[in-house]
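Same order as they appear, the protein sequences are chains Z and S. Residue numbers 1 to 251, in our numbering, belong to the letters of the first sequence in order. Residue numbers 252 to 503, in our numbering, belong to the letters of the second sequence in order.
Read the hints as simulated data drawn from the structure, not as lab findings. None of these values were measured; they are calculated from a predicted model. Virtual Cβ for every residue (Gly too), placed ideally from N, Cα, C. Heads up, a few of these hints could be off.
[Claimed, not checked] Pulled a few chain Z residues facing chain S out of the computed Cβ check, cut under 7 Å:
| no. | residue |
| --- | --- |
| 1 | MET1 |
| 2 | ALA107 |
| 3 | VAL161 |
| 4 | GLY209 |
| 5 | GLN232 |
| 6 | THR235 |
[Unchecked claim] Label pairs and their calculated CB-CB ranges:
| no. | chain 1 | residue 1 | chain 2 | residue 2 | range |
| --- | --- | --- | --- | --- | --- |
| 7 | Z | ASP190 | S | GLU419 | 25 to 35 Å |
| 8 | S | PRO393 | Z | SER136 | 20 to 30 Å |
| 9 | Z | ARG41 | S | TYR389 | 42 to 52 Å |
| 10 | S | ARG352 | Z | ALA195 | 46 to 56 Å |
| 11 | S | LEU449 | Z | ASP190 | 40 to 50 Å |
| 12 | S | PRO393 | Z | GLU71 | 33 to 43 Å |
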Amino acid sequence: MTRLADKTALVTGGRQGIGRAIIERFEAEGARVMTCGRGARPAELPAEILWETCDVSERSDVDALTDRVVETFGELDILVNNAGLQIEKTVVDTTDADWDALMGVNAKGVFLLCRDCIPIMSAGGSIINIGSISASTADPGLALYNASKAFVQGLTRSIAVDHGPAIRCNAISPGWIMTDMAAAAFAVADNPAAAERDALARHPAGRFGTPADVAAMAVWLASDEAEFATGQCYTLDGGLTATSPLNPGLF
Amino acid sequence: MSAILAGKTAFVTGGSGGIGSAICSRFAREGAEVLAADLAPSATANEAVEFVEYDVTDVALCRQTFDRLAARWERLDILVNAAGIEIEKTIEHTTLEEWNRIFAVNVTGMFLTSKYALPLLRKANAASVINFGSYDGYIADPGLAAYCATKGAVHALTRAMACDHGPEGIRVNAICPGYVDTPMLQSFFGDSGDIESLKQAVRDVHPVRSYGTPEDIANLVNWLASDEARYASGQLWVIDGGLSAQVQQMRL
Numbered sequence: 001m002t003r004l005a006d007k008t009a010l011v012t013g014g015r016q017g018i019g020r021a022i023i024e025r026f027e028a029e030g031a032r033v034m035t036c037g038r039g040a041r042p043a044e045l046p047a048e049i050l051w052e053t054c055d056v057s058e059r060s061d062v063d064a065l066t067d068r069v070v071e072t073f074g075e076l077d078i079l080v081n082n083a084g085l086q087i088e089k090t091v092v093d094t095t096d097a098d099w100d101a102l103m104g105v106n107a108k109g110v111f112l113l114c115r116d117c118i119p120i121m122s123a124g125g126s127i128i129n130i131g132s133i134s135a136s137t138a139d140p141g142l143a144l145y146n147a148s149k150a151f152v153q154g155l156t157r158s159i160a161v162d163h164g165p166a167i168r169c170n171a172i173s174p175g176w177i178m179t180d181m182a183a184a185a186f187a188v189a190d191n192p193a194a195a196e197r198d199a200l201a202r203h204p205a206g207r208f209g210t211p212a213d214v215a216a217m218a219v220w221l222a223s224d225e226a227e228f229a230t231g232q233c234y235t236l237d238g239g240l241t242a243t244s245p246l247n248p249g250l251f
Numbered sequence: 252m253s254a255i256l257a258g259k260t261a262f263v264t265g266g267s268g269g270i271g272s273a274i275c276s277r278f279a280r281e282g283a284e285v286l287a288a289d290l291a292p293s294a295t296a297n298e299a300v301e302f303v304e305y306d307v308t309d310v311a312l313c314r315q316t317f318d319r320l321a322a323r324w325e326r327l328d329i330l331v332n333a334a335g336i337e338i339e340k341t342i343e344h345t346t347l348e349e350w351n352r353i354f355a356v357n358v359t360g361m362f363l364t365s366k367y368a369l370p371l372l373r374k375a376n377a378a379s380v381i382n383f384g385s386y387d388g389y390i391a392d393p394g395l396a397a398y399c400a401t402k403g404a405v406h407a408l409t410r411a412m413a414c415d416h417g418p419e420g421i422r423v424n425a426i427c428p429g430y431v432d433t434p435m436l437q438s439f440f441g442d443s444g445d446i447e448s449l450k451q452a453v454r455d456v457h458p459v460r461s462y463g464t465p466e467d468i469a470n471l472v473n474w475l476a477s478d479e480a481r482y483a484s485g486q487l488w489v490i491d492g493g494l495s496a497q498v499q500q501m502r503l
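Construct all of the structure, not just a fragment, from the sequences and the given hints.
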C-alpha cells in the first residue's frame, strides 16, 4: 500500500521500538524516510532508510540534521518526534543531570525539531509527536517522564493553533506498548511479573500494545486522510484509560 | 485505492444523513458490504450501499432487524451508531417531549442498536463499534442544551461498552466531530443573520481555516473500523480542525 507515496518523512529515534516500527511502515507506504539516533547507524537498518547521527537535545546536531533534510528532500512533509527518554525516579531522587538528560530529549528536543522543521515543511505538512497516557494520569515513579509528556501535549496544541492551516500537528498518546521502555517501567514494581499480570487484566483489549499499533495510527495522521485532524492528542491504549482503576474483579 | 475493509460487514444507523451517507459510501469503496439503516433512503442513493428501513427508537424493529440479519450474515464486523438529531434550544424552551425525543434517538437508540447487535458483533472476534459523540460533549455550543447532554451520555456509554465488551473482541470508540458541513450545521446557522459572513467567521476561528466535510469524518471512521486501529478502544476521537485545541476568543 502506498498511502504516503512521494512524501518525505523525518522520524527521530528510529533505532528501535516505536520509532523503528514507524519508519519501516512509512517506507512500506511509499515515503522517503530519514531517521536519527545518538549512535552509529544500526547495522540491520533497511538500506533505503537514511540515518543521521543526532542528539536531539543538542541545537547544533538538530541544525545539522535539518540541513541534511533540506539537501536530501528539499521540503519535508512529515515530522515524527518520537525520540524519548524515561528515567524511573520520583522528584526527590531526580538529579540535575537527570533533568537535563530527560527534558533535553523529551521537551527541548521536540521544540528544537519543530523550530527547525516548520519553516522547511510543505503546505499540508503533518507533525506527529509521540506523547503518552502518562501526560494525563501519572505512572508512579516516573515523575519527569510524566511531566515531559504533558509538555508534549501543550506544545502539540500550540503548533496546531499557530501554524495551521499550513501545518497540522497531533500527538499520539500510547498506553503500555511492549518495548524495552515498558519493561523498565514494570521493573520499578516490587513484583514486576505480578504488576504486568495486573496491568494486562486492566486492558479491555486483552493485550498490551505493539509498536506496529502506534505505527498504524502514525500512518493515518501522516496521510492526507487526516486533513481535518489537528491539535489533538489521540490515545491508543487498548481501552486502559477508559476504565476505572478500581476494578473489583482484581481484588 | 486499497480495499481496507474487504470482506467486512457493516451496519450504519443514520446511514442516509450527511455524515452517515459519506461513511456508507466510503465503506463500500473499501470493500465492505454495507447496510445503511435509516428512516428513509438517502437523497443521493449509492447503488453499492443497501438501504434498510430502520428506526433506532423502535425497540421491536431493532430486535427484529438483527434477528433477520443473523440469518443473512455470519457476523457483524462494523457497527456505526450515527443516527442523531439536534434541537436548537436552551433548557428553558425545551419541552419534556423534545428532551425525551432527543435522548430516545441519540442515546437510547445507540443502546438498543448496540444491545441487539452484540451477538453478531461477538462472532466477528475483532469487531469495531463507532459511536457518534461530539465536540459538544466536551464544550457547549449555545442553544443546544439537550443535544450537548446527549453527547455527554454517548461519551460515557462508549467507555462503558469498551470496558465491558473489549474482552469479547469488540472495540468501541466515539467520534467527536466539530463543525461539519451538513444539513444539521446549516440548521444551526439558520437564524443567526447573514449566513455567508457567519460561515466565514466560523472558518476563521479554526486553525485549519475551514470546517469539516462529511468525507473528513468518514476518513477517521474508516480508520477506526479497519484492522489498522486494532489497539484503539474506549477513546473519544475529536476531529475538529483544531478548534478545541485553542482557547476560544474572537479575533478583534
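A quick look at each hint next to the structure:
1. Restraint check, MET1 of chain Z versus chain S: the minimum CB separation of about 5 Å is within 7 Å; hint holds.
2. This hint is violated: ALA107 of chain Z has a C-beta 19 Å from the nearest C-beta of chain S, more than the 7 Å allowed.
3. Given hint, VAL161 of chain Z at the interface with chain S, holds; its Cβ is 4 Å from that chain's nearest Cβ, closer than 7 Å.
4. Given hint, GLY209 of chain Z at the interface with chain S, holds; its Cβ is 5 Å from that chain's nearest Cβ, closer than 7 Å.
5. Taking 7 Å as the C-beta contact cut-off toward chain S, the hint placing GLN232 of chain Z at the interface holds, the least distance being around 5 Å.
6. Hint status for THR235 of chain Z: holds, given a least beta-carbon distance of 5 Å to chain S, under 7 Å.
7. Taken as a hint, the range 25 to 35 Å holds for the pair ASP190 of chain Z and GLU419 of chain S, whose Cβ atoms sit roughly 33 Å apart.
8. At about 28 Å, the CB distance of PRO393 of chain S to SER136 of chain Z agrees with the hint of 20 to 30 Å.
9. Separated by about 45 Å at the C-beta atoms, ARG41 of chain Z and TYR389 of chain S satisfy the suggested range of 42 to 52 Å.
10. Between ARG352 of chain S and ALA195 of chain Z, the C-beta spacing of about 49 Å keeps the proposed range 46 to 56 Å intact.
11. Taking 40 to 50 Å as the suggested C-beta distance range, the pair LEU449 of chain S and ASP190 of chain Z does not conform, at roughly 60 Å.
12. A hinted range of 33 to 43 Å is violated for the C-beta pair PRO393 of chain S and GLU71 of chain Z, which are about 52 Å apart.
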